[in-house]
Amino acid sequence: QQQVKQSPQSLIVQKGGISIINCAYENTAFDYFPWYQQFPGKGPALLIAIRPDVSEKKEGRFTISFNKSAKQFSLHIMDSQPGDSATYFCAALQGGGNKLTFGTGTQLKVEL
Amino acid sequence: NAGVTQTPKFQVLKTGQSMTLQCAQDMNHEYMSWYRQDPGMGLRLIHYSVGAGITDQGEVPNGYNVSRSTTEDFPLRLLSAAPSQTSVYFCASSPTYTSTDTQYFGPGTRLTVL
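Which chain is which? The protein sequence lines are L and C, in order. Counted the way my numbering counts, the first sequence spans residues 1 to 112. Counted the way my numbering counts, the second sequence spans residues 1001 to 1114.
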């Protein structure tokens, strides 16, 4: 049973467009929600993270929107660039610990 | 700093063989963990360690053993490899067990079990 559900599985966006990836969770004990970016042949790298007491967090072109009541959060990539082409994973942690529960991943391709 | 290093990068085993995947970090991190990545399933936690001499199971521990004799090293042992263990394995580390600590992932080991 997937504790963190992620969609879409793959996404194609034109350069300059907005990429949106959605995640949903059931476990209300989750209290920290990071996003990871993974390029082919590399390990995941932390992109941005949010706590559930914040509705939005922005870092450069990347924004997390968080809806605690709906138990959903999303990643928005503004002005998407070909260099953003990668696989993106949402994740969740609970109880102040560091055991990551990952979503299934979204393969993003940004076309010229 | 080299960060998190993993060896080997690629490995092919026959069913029933054993092997050890190596992981080392030079950042003096307390917390280390192992994940496996399978298509369509994201990454799943195998084992983790909050410090030298302390290990615990994650979501998918069966068929794997770990030990942590030093802060730097956290090897993952496959006792009797099975085709279901074909996967990409990632080691990660963070300064402490605190959720807000950034976890740093190694480059991965691609394992094929025939």
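Certain hints may be false.
Claimed, not checked - To be clear about the criterion: a stretch of chain L counts as covered by chain C if any three or more of its residues have a C-beta under 8 angstroms from a C-beta of chain C, and this derived list gives those stretches:
| hint | region |
| --- | --- |
| 1 | 11 to 17 |
| 2 | 70 to 77 |
Stated by the list, open to error - Straight-line alpha carbon distances no greater than 35 angstroms define the calculated DSBU-like cross-link-like pairs of lysine-lysine that follow:
| hint | chain 1 | residue 1 | chain 2 | residue 2 |
| --- | --- | --- | --- | --- |
| 3 | C | K1014 | L | K99 |
| 4 | C | K1009 | L | K42 |
| 5 | C | K1014 | L | K71 |
| 6 | L | K42 | L | K99 |
| 7 | C | K1014 | L | K42 |
Claimed, not checked - Chain C regions said to be covered by chain L (calculated; three or more residues, Cβ under 8 angstroms):
| hint | region |
| --- | --- |
| 8 | 1012 to 1025 |
| 9 | 1088 to 1098 |
Since the hints were derived computationally from the structure, they do not count as laboratory data. Here the structure is a predicted model, which is why all the values come from computation and not from measurement. Just so it is clear, CB atoms sit at the ideal spot from N, CA and C, and this is done for glycine as well.
Quickly compare the C-alpha distance for C:K1014 and L:K71 to 35 angstroms and report which way the hint goes. Since the Cα atoms of C:K1014 and L:K71 sit roughly 44 angstroms apart, the hinted pair is violated (cutoff 35 angstroms).
Between the region 70 to 77 of chain L and chain C, are there enough contacts, at least three residues with CB-CB distance under 8 angstroms, for the coverage claim to hold? Coverage by chain C is violated for the region 70 to 77 of chain L (0 residues, Cβ < 8 angstroms).
Quick one, are C:K1009 and L:K42 close enough, alpha carbons at most 35 angstroms? It holds: about 11 angstroms lies between the C-alpha atoms, which stays within 35 angstroms.
Mind taking a look at whether chain L covers the region 1088 to 1098 of chain C? Criterion is 3 or more residues with CB to CB distance under 8 angstroms. Three-residue rule met by the region 1088 to 1098 of chain C, so holds; n is 6.
Within 35 angstroms, alpha carbon to alpha carbon, are L:K42 and L:K99? holds, 20 angstroms
Please count how many residues of the region 11 to 17 of chain L have a CB within 8 angstroms of a CB from chain C and say whether that reaches 3. violated (count 0)
The region 1012 to 1025 of chain C covered by chain L? Criterion: 3 or more residues, Cβ-Cβ distance below 8 angstroms. With 0 residues in contact (Cβ-Cβ under 8 angstroms with chain L), the coverage given for the region 1012 to 1025 of chain C is violated.
Are the Cα positions of C:K1014 and L:K42 separated by 35 angstroms at most? With Cα atoms ~25 angstroms apart, C:K1014 and L:K42 stay inside 35 angstroms; holds.
Given the hint that C:K1014 pairs with L:K99, does the C-alpha gap stay at or below 35 angstroms? holds, 31 angstroms
Against the hints set out earlier in the document, violations occur for numbers 1, 2, 5, 8.
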